[in-house]
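Construct the entire structure; sequences and hints are all you get.
Protein chains: 2
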Amino acid sequence: MQVKVLTEILQANDAQASSNRQLLDRKGVFLVNVMSSPGSGKTTFLIDVARRLKGRVRVGVIEADVASTVDAEKVAREGIPVLQINTGGGCHIEARQMADALTRFPLQDVDVLFLENVGNLVCTAGYRLGEHRRIVIASVPEGDDKPYKYPTMFHVVDAVVVSKADLVPYVKYDFDEFSRAVRSINREVGIFRLSAVTGEGMDAWCSWLLEQVRSAGGQS
Amino acid sequence: MQVKVLTEILQANDAQASSNRQLLDRKGVFLVNVMSSPGSGKTTFLIDVARRLKGRVRVGVIEADVASTVDAEKVAREGIPVLQINTGGGCHIEARQMADALTRFPLQDVDVLFLENVGNLVCTAGYRLGEHRRIVIASVPEGDDKPYKYPTMFHVVDAVVVSKADLVPYVKYDFDEFSRAVRSINREVGIFRLSAVTGEGMDAWCSWLLEQVRSAGGQS
Chain A
1 MQVKVLTEIL QANDAQASSN RQLLDRKGVF LVNVMSSPGS GKTTFLIDVA
51 RRLKGRVRVG VIEADVASTV DAEKVAREGI PVLQINTGGG CHIEARQMAD
101 ALTRFPLQDV DVLFLENVGN LVCTAGYRLG EHRRIVIASV PEGDDKPYKY
151 PTMFHVVDAV VVSKADLVPY VKYDFDEFSR AVRSINREVG IFRLSAVTGE
201 GMDAWCSWLL EQVRSAGGQS
Chain B
1 MQVKVLTEIL QANDAQASSN RQLLDRKGVF LVNVMSSPGS GKTTFLIDVA
51 RRLKGRVRVG VIEADVASTV DAEKVAREGI PVLQINTGGG CHIEARQMAD
101 ALTRFPLQDV DVLFLENVGN LVCTAGYRLG EHRRIVIASV PEGDDKPYKY
151 PTMFHVVDAV VVSKADLVPY VKYDFDEFSR AVRSINREVG IFRLSAVTGE
201 GMDAWCSWLL EQVRSAGGQS
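Listed in order, the protein sequences are those of chains A and B.
Mapped onto my numbering, the consecutive letters of the first sequence carry residue numbers 1 to 220.
Mapped onto my numbering, the consecutive letters of the second sequence carry residue numbers 1 to 220.
What the hints contain is simulated information worked out from the structure, not anything from laboratory work.
Just so you know, these numbers come straight off a predicted model, no measurement behind them.
Among the hints, erroneous ones may be present.
No copy is singled out in the list; a pair is fine if it fits within one copy or between any two copies.
Unchecked claim - Listed next, the in silico DSSO-like pairs over lysine-lysine satisfying Cα-Cα at most 27 Å (straight line):
| hint | residue 1 | residue 2 |
| --- | --- | --- |
| 1 | LYS74 | LYS172 |
| 2 | LYS172 | LYS54 |
| 3 | LYS74 | LYS54 |
| 4 | LYS54 | LYS27 |
In structure tokens, the structure reads:
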């Protein structure tokens with residue numbers, strides 16, 4: 001019974017995700033689904049990315065949280081177009097919620113749209129939203145063993161971002177061990193080690209993003 | 001349809017949780033459901049607690065993860081009775097999985113049993129397992145705004161543990177701000193700031209736990 005209901009939900013979700021993707025392509029907007037644990041630094045990362053890309057692409061953000069508008073307020077203070085979605089208890093965003101958000105977002109004002117998904121390494125990985133790329137952010141203080149414990153997430157993403165690299169001297173963390181764990185699940189995925197505090201690795205990640213946008217034809 | 005199915009699932013879960021609780025009380029075992037984000041330091045915390053309580057209460061651990069046996073191996077190396085459950089994709093443990101685990105765990109060898117739940121601040125908060133107490137661990141690098149974003153979790157717990165306090169000098173974190181956020185959701189809950197690295201706050205938390213066990217009559 002539960003399995004049948006879940007299958008129906010996922011099929012309906014995939015159909016809505018395809019429809020979202022068609023809308024985004026018509027509007028020339030490149031959507032990146034950003035997933036992670038709570039507190040990995042997604043908002044800080046996205047604000048830094050938006051600053052670095054200023055004048056090259058126009059960035060917007062949709063913030064998804066169980067509750068509150070904490071993140072949307074931070075992003076809005078930067079002058080970045082932002083919309084907050086609250087799931088009211090849900091542990092992830094589904095394609096129909098994304099469709100609703102897209103009707104309310106000023107798509108004509110952005111080239112690259114980031115969805116900051118609910119902080120969660122499990123549920124979010126299972127729902128396609130119509131995004132062009134999926135990334136996961138795994139912060140250094142979370143430890144180097146996360147890929148083994150949340151394999152689906154590390155399997156479905158197009159890039160892995162290791163954030164808070166500035167904290168490496170203060171915690172037990174082996175970047176090579178983390179990379180081995182990622183590679184055991186997703187052989188080809190790009191792994192970017194960076195810090196929004198020191199700026200380490202940010203340019204490399206921004207270059208990767210711009211290349212993805214270009215290759216998708218989202219930018220002329 | 002989805003709502004009706006969810007209601008049925010939660011009712012069946014609550015009934016199983018009551019049955020689990022009766023079993024635990026008969027066996028004189030005090031169960032603590034430990035919840036947090038991925039990478040908050042649950043395993044390190046529990047190993048340190050077990051070491052400090054040695055000779056006073058006998059501690060055991062059930063490890064719940066989506067996949068892998070990484071945590072159970074760490075705990076087993078300490079000589080602590082441990083059982084690993086894998087959810088195979090599920091974002092939380094349900095009471096029937098707990099019931100199954102309890103039949104396989106050597107309950108006669110422990111006084112206090114910790115369930116290290118799946119790393120997740122959303123799904124885990126909704127499922128009672130028959131536990132005597134629920135705690136959430138929120139690590140310093142996750143930031144001081146988490147209670148606003150995951151209010152249900154901070155509402156349902158009996159204690160809030162702030163872990164990795166040794167990292168305060170290296171990140172943006174205001175403990176008073178965090179406490180205010182917790183108090184806005186759960187006025188009476190105990191908040192324990194500690195570090196498994198420096199040992200700060202560990203004795204206070206262990207004393208709280210022993211008091212809970214005594215008041216529940218789990219210890220004579």
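Verification of the hints:
With identical chains, the CA atoms of LYS74 and LYS172 are at most 27 Å apart between copies only, with a shortest distance of 15 Å across copies and 30 Å within one. For a Cα distance limit of 27 Å, the shortest separation of LYS172 from LYS54 across copies, 25 Å, qualifies, whereas the shortest one inside one copy, 35 Å, does not. Taking the shortest Cα distances, LYS74 and LYS54 sit within 27 Å of each other inside one copy (17 Å), while across copies they are farther apart (46 Å). Only within a single protomer do LYS54 and LYS27 lie at most 27 Å apart by alpha-carbon distance; the minimum there is 20 Å, versus 63 Å between protomers.
The earlier numbered hints are all upheld by this structure, with none contradicted.
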